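There are 4 protein chains.
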Amino acid sequence: MCDPTDVQSALAEKRFKLTRVGVTGVKKPIEVRRPWGTRTLNATLDIYVDLPSDQRGSHMSRNVEVSGEIVDKTVREPVEGLEDLAARMCDLLLERHGYASYSEVDIRADYFLEKESPKKTTSLENYQIRARAEGNRNEKTRNYIGVTVVGMTTCPCAMEGVRDALKKEHPEIGKKLDEIPVITHNQRNKTTVMMEVPSQENLEVNDLIEIIEDSLSSATHEILKREDEAEIVKTAHENPKFVEDVVRDVLSALLKEYEHFPDSTQVEVKSESEESIHKHNALAERVTTFGELRE
Amino acid sequence: MCDPTDVQSALAEKRFKLTRVGVTGVKKPIEVRRPWGTRTLNATLDIYVDLPSDQRGSHMSRNVEVSGEIVDKTVREPVEGLEDLAARMCDLLLERHGYASYSEVDIRADYFLEKESPKKTTSLENYQIRARAEGNRNEKTRNYIGVTVVGMTTCPCAMEGVRDALKKEHPEIGKKLDEIPVITHNQRNKTTVMMEVPSQENLEVNDLIEIIEDSLSSATHEILKREDEAEIVKTAHENPKFVEDVVRDVLSALLKEYEHFPDSTQVEVKSESEESIHKHNALAERVTTFGELRE
Amino acid sequence: MCDPTDVQSALAEKRFKLTRVGVTGVKKPIEVRRPWGTRTLNATLDIYVDLPSDQRGSHMSRNVEVSGEIVDKTVREPVEGLEDLAARMCDLLLERHGYASYSEVDIRADYFLEKESPKKTTSLENYQIRARAEGNRNEKTRNYIGVTVVGMTTCPCAMEGVRDALKKEHPEIGKKLDEIPVITHNQRNKTTVMMEVPSQENLEVNDLIEIIEDSLSSATHEILKREDEAEIVKTAHENPKFVEDVVRDVLSALLKEYEHFPDSTQVEVKSESEESIHKHNALAERVTTFGELRE
Amino acid sequence: MCDPTDVQSALAEKRFKLTRVGVTGVKKPIEVRRPWGTRTLNATLDIYVDLPSDQRGSHMSRNVEVSGEIVDKTVREPVEGLEDLAARMCDLLLERHGYASYSEVDIRADYFLEKESPKKTTSLENYQIRARAEGNRNEKTRNYIGVTVVGMTTCPCAMEGVRDALKKEHPEIGKKLDEIPVITHNQRNKTTVMMEVPSQENLEVNDLIEIIEDSLSSATHEILKREDEAEIVKTAHENPKFVEDVVRDVLSALLKEYEHFPDSTQVEVKSESEESIHKHNALAERVTTFGELRE
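Chains as they are written, first to last, in this note's numbering: chain A, 8 to 302; chain B, 8 to 302; chain C, 8 to 302; chain D, 8 to 302.
Check before you lean on any hint, since a few could be wrong.
One copy or any two copies: either way a pair holds, since identical chains are not told apart in the list.
[Unchecked claim] Straight-line Cα separation of at most 30 Å, DSBU-like style, residue types lysine-lysine; simulated pairs: (1) K24 with K34; (2) K183 with K197; (3) K122 with K34; (4) K147 with K80; (5) K127 with K263; (6) K174 with K34; (7) K122 with K175.
Think of the hints as simulated: they come from the structure by calculation, not from any bench. Small disclaimer: the values here were computed from a predicted structure and weren't measured.
Next comes chain A alone, as it looks inside the complex (with noise of 0.2 Å):
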């Protein structure tokens, strides 16, 4: 036993509540079921509760029991979305832990989706899917899905400055250089979009993936047959983009796929571009509400 005075400040030192306590990194297998069928995505899970100041440690395995539970249910009734898993498992985490105020779950996957080259070549394009939920208790979950679509970027700035040296070069082609696409450098992109989906509403994670594969300056494909390969370079090349402007073209369709959503809806688009001319990669970011961008 030690000096009561001594556990007080002892106490009083250590008393602080945590933000998040929780497990990292959990993997499960989740049936899904989509409209074209039943899907199973390889999940990776962090599953978090809050802790008060008077606590010491929080029941961590709970949260692992809790994700066992909720997906191992989705063998037998799969879910319609990873948004809904999410949400379930925050509500159940605030029951079974019943000193905390606060839950959050954040899960990402792999995802496949049927895409159709544009001499309609078919093959399973991959996708990373994300999905995240906040319970606090006493209000409304908050639900949030995402998606990250890899895809091409071809950059204007290069393309117009490499269009003023050609026509210097070649002035017996001159003008016609305005009629046709002119070199430049084009890279792999990574397009990420992470938003909230408000109660009452649905958000179908394939609308985001045709959002930002119509934002980039061409989507990509598993499978090209040279003929294709010719169109999608031609096509990336009358779209050249900075991800400044993919980000801006996200923007504006999610405002418009979505306009009935309200204005506290939150929304993150990111686009990073792995540079082909440099060894460092460009990113454009806006992490916002509806309500700021109908501004």
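Keeping the supplied structure of chain A fixed, place chains B, C and D upon it in accordance with the hints.
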């Protein structure tokens, strides 16, 4: 030429300002002068400014030029710390990007410090340091410095569970089991502090390292003699720690060490244990200000 | 047109055959039929053929087409195992690339297996499986199957060092310390087996997982009740293992389990411990054949 | 005590020698003296010896001590190159591990070199260098040095496909399209050379970097003025390269540059393009000896 109304709406649609636009993953060697001599850090930098709604693109080459100018100067006149460097870059970024109202620089690097084991074996230990600065036009630039320390945690909960079991199995030893450290699971732990450095104040990253290592069950070392190993194992088991304990002990030590820092000082502490009995990790985190911690 | 002799020498210079040419990081969902039901694996594939010295480029789109055809078939008729799939792909690759004499396919995927904790708590545990096939024209295709298991090792050396120290400090307990497991450092361990499957033979990856988990100080589990934790900690400390021990125990179990396999059977066993008392890892490895092991 | 026969069989079972036993991921700053001054490299080391069948464990702390002794010396007397350092470590490892017949050291580090853009903008470019040494008792230690260069490749195949398409669409330009570089997909490429340094020979890593950059469609640069960008884009499109071309051009340049190296000289060349029109990469590789290349 296209229909003016279209142009207007088109412009309207895309008239979004961007939160962050810039380059990521720029690699640079940086000369830093420490009290005990000059060190070369191999750093990775992310460099951003914001972009107003009426400008299509940011001039990203300026970001790399700024890092080149400021960093190359360090060869002639080494900086005191990475946070100074980040701050100088933020100021120069706002100067070069006349249209920007915000600038941000994030620097990460491996860092080495000579440490002594319990039995006085010295070795050069590795840490990851991080500096961050946020510049706002007509405001003071905010500086942050942080470090990630790899150490060891031993689980208090499993230890007591085992102690009870051993007492039942070995009544002949019985109460004596309260006098010796008992087996439990222990593991590699990564604890990170990221903290604001108020203007006019100084913060030595080596002090943060010391605070974190004192808050773990034990620090770890690259070179250990046999007696060192036994010593460290015993120390670690005499200080069993949950990740929750680690975060709270760090917070409490920071409040003491920097008690003269203002309430506005921002601080993040995160501790993650790569649980040896699970395939997933355990994490605890607090994101707060000195003011909230002092309540 | 250039001087023939130049052309010859130029050709001579570049007339190099290539060992491997193909695509890496192709992502595919694969349906695998296991005794206990069909599973969807989210796989990552590398697909290569060699290239003769007189041909400039390989038709890489065929590699992706081959994976598409073979893998998509699995939706209708799931394969028995990834090694069958890899072998089928190798054969089809040689068919499609008439100029190739060698083909190679490497597949990696997350894998899940239901396991029971000591106290009969069941959870779905995660493993990484890997399959590999090497095709040679006019030769039998060689198949390999492998798995990485995350488990726990406890250090025998530190344990004895501590035991000696404790005996000195606690003479009143003295010899009784030989009867109980003594504290040491333990940590997360990753052990990998990659093994050839001789033609006409079968190899069940679940058996490899069992062999590895039996060779570790203890297997790990996602969900553990308090009594489970104590039980696992005790088991792990009753089986202290160096990475060297783990590799040798796995090798010896493989020789027993597959004693009918020919001497030519290739096998690699690697065990890496994320040392809790060091910032670096400890690794032991054996790359050999059954013949060498039987000497 | 247990039944002798059991002991024998038990021993027999586990009497396996191990190929490699040691430590991985050891981080160290290393002082390297280059013709143009001394540089600090932040290196990551793997350090192994083999283990005879009759010894249970290897003394791994000696591996870290050896790296400490040799590397710390570099602060006073910088080494010429990482391969010397790796070789010295291999020799000392065999000295310290009397029971070992083999030793191996692998070192990786970021490396920086000042480069000039087409328009004479200078910037410090980043490369990853690697050194490797293999020691065998009573044999000469073998040294290897390698480097990974990030550059740019443009696809020759898509370029011709597009040229054909453009000619059809723009008959008014027609044949003039043969006189200008035509759009294609280009991307970030990573090309790696790993090469043996015969005893008595020297090999300057900067020469390897030059050879690789000359074999790509274009080198890349951190800082580019607008005219630089146009210049590099044009150069890259005037040198369209498959990964196959890159590997063969590097092999041919190595044979020329090091024509006095013996036939036994081992060399690996690998080129991987992060295809901008696909989500997967394209890879070409040759693993061989100078002798085979000279056939």
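When no copy is named, should K174 and K34 be tagged within, between, both, or neither for a Cα gap of at most 30 Å? Classified as neither: same-chain Cα gap 57 Å, cross-chain 36 Å, threshold 30 Å.
Up to 30 Å between alpha-carbons, please classify K122 paired with K34: within, between, both or neither. Classified as both; 28 Å inside a copy, 14 Å across copies.
Give the relationship of K183 and K197 under a CA distance limit of 30 Å: within one copy only, between copies only, both, or neither. Neither, since 34 Å and 36 Å both go past 30 Å.
I want to check one pair: K147 and K80. Are their C-alpha atoms no more than 30 Å apart within a copy, between two copies, both, or neither? within (23 Å within a copy, 44 Å between copies)
Cα distance capped at 30 Å. Does K24 pair with K34 within a copy, between copies, both, or neither? Within one copy only: 28 Å inside, 36 Å across.
Cα distance capped at 30 Å. Does K122 pair with K175 within a copy, between copies, both, or neither? Close across copies (28 Å), not inside one copy (42 Å); limit 30 Å.
Under a CA distance limit of 30 Å, which applies to K127 and K263: within one copy, between copies, both, or neither? Within one copy only: 28 Å inside, 47 Å across.
Of the numbered hints listed earlier, those contradicted by the structure are 2, 6.
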